[in-house]
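Chemist: Listed below are the residues making up each chain.
Protein chains: 2
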Amino acid sequence: MQSAFDLKPVGVVRKSADDVRIEIFDEYQDALLGLDGFSHIYVLYWFDQNDSAEKRRTLQVHPRKDPANPLTGVFATHSPQRPNLIALTLCKIESILGNKITIEEIDAYDGSPVIDIKCYIPASVKDADVRLPDWVGN
Amino acid sequence: MQSAFDLKPVGVVRKSADDVRIEIFDEYQDALLGLDGFSHIYVLYWFDQNDSAEKRRTLQVHPRKDPANPLTGVFATHSPQRPNLIALTLCKIESILGNKITIEEIDAYDGSPVIDIKCYIPASVKDADVRLPDWVGN
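Residue numbers (the working numbering), protein chains in the order written: chain A, 1 to 138; chain B, 139 to 276.
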């Protein structure tokens with residue numbers, strides 16, 4: 001596959017009846033040092049179930065698949081249909097053991113390829129400075 | 139380039155003495171519809187200046203390049219050295235005109251390739267539930 005940038009999975013989402021985990025591949029386990037100091041992480045994964053030319057060409061959607069919400073550009077949403085199929089989601093860590101991060105929940109399918117993990121540091125944006133369109137509150 | 143996933147730039151960071159802009163390529167401009175309803179965006183860009191095998195092999199760093207901070211896995215930081223060179227940063231929108239999003243500031247170089255834009259919706263995480271290691275407050 002010809003790609004502008006070399007993007008590879010670093011782990012995988014695993015969901016079972018018992019728990020929800022991010023399993024980082026062994027070769028990247030050293031990148032988890034100190035992660036246990038954080039309560040939350042950003043998980044970036046790839047919407048691999050949508051990796052078709054058609055879904056990547058989708059530039060406008062009705063947010064949350066609700067036709068009552070106005071047609072909106074995908075860059076103004078977190079839609080799983082977008083030019084680059086990057087998902088960004090905030091997760092609460094329950095425990096870390098070796099290369100396995102057990103998390104509270106994640107809006108991903110079992111088997112989704114994880115492409116990055118970043119620590120969560122709360123934004124210094126004041127609530128009063130945040131503006132949102134009406135559909136967000138619906 | 140052989141890549142697991144096809145990742146392509148959708149725009150570019152432009153910095154001048156006058157302003158800081160995200161310029162979205164014409165073919166993706168329709169994805170901006172409704173973005174003007176938001177005050178802030180997540181900008182995802184590619185640390186293209188670090189796109190070497192050596193920097194992508196770096197799994198542990200001293201956060202903020204401060205040797206006083208403990209050696210930490212890159213997944214527990216926002217380091218620009220990491221297996222996949224994805225940067226995630228929150229920006230305040232000043233104005234949007236056509237395919238140009240003028241923002242207050244961004245911690246990126248002029249010319250950095252933009253790979254995604256997502257609307258910012260504040261996290262529903264309570265401050266009391268957030269845990270951070272000491273180096274974050276240093």
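Any given hint could turn out to be false.
Simulated crosslink set (DSBU-like; lysine-lysine; CA at most 30 Å straight-line) [stated by the list, open to error]:
#1 B/Lys203 - A/Lys92
#2 A/Lys92 - B/Lys238
#3 A/Lys100 - B/Lys238
#4 A/Lys100 - B/Lys153
#5 A/Lys92 - B/Lys230
#6 B/Lys203 - A/Lys65
#7 A/Lys126 - A/Lys55
#8 B/Lys153 - A/Lys65
#9 A/Lys126 - B/Lys238
#10 B/Lys264 - A/Lys15
#11 B/Lys238 - A/Lys15
#12 A/Lys65 - B/Lys264
#13 B/Lys203 - A/Lys55
#14 A/Lys55 - B/Lys264
#15 A/Lys100 - B/Lys264
#16 A/Lys126 - B/Lys230
#17 A/Lys8 - A/Lys126
#18 B/Lys153 - B/Lys264
#19 A/Lys126 - B/Lys193
#20 B/Lys238 - B/Lys264
#21 B/Lys193 - A/Lys65
#22 A/Lys15 - A/Lys126
#23 A/Lys100 - A/Lys126
#24 A/Lys100 - A/Lys15
#25 B/Lys264 - A/Lys8
#26 B/Lys193 - B/Lys203
#27 A/Lys55 - A/Lys65
#28 A/Lys126 - B/Lys203
#29 B/Lys146 - A/Lys126
#30 B/Lys153 - A/Lys15
#31 B/Lys264 - B/Lys193
#32 B/Lys153 - A/Lys92
#33 B/Lys264 - B/Lys146
#34 A/Lys100 - B/Lys230
Pair by pair, the computed Cβ-Cβ distance ranges are [unchecked claim]:
#35 B/Asn188 - A/Glu104: 28 to 36 Å
#36 B/Asn188 - A/Asn138: 21 to 29 Å
#37 A/Leu71 - B/Asp204: 40 to 48 Å
#38 A/Ser16 - B/Glu161: 23 to 31 Å
#39 A/Lys8 - B/Ser177: 31 to 39 Å
To be clear, the hints were calculated from the coordinates, so they are not data collected in a lab. Think of the CB as a built atom: it goes at the ideal place given N, C-alpha and C, for glycine as much as any other residue.
Chemist: Check the structure against each numbered hint from earlier and tell me which ones fail, lowest number first.
Modeler: As far as the earlier hints go, 2, 3, 4, 6, 7, 8, 11, 13, 14, 17, 18, 19, 20, 21, 22, 23, 25, 29, 30, 31, 32, 33, 34, 36 and 38 are violated by this structure, in ascending order.
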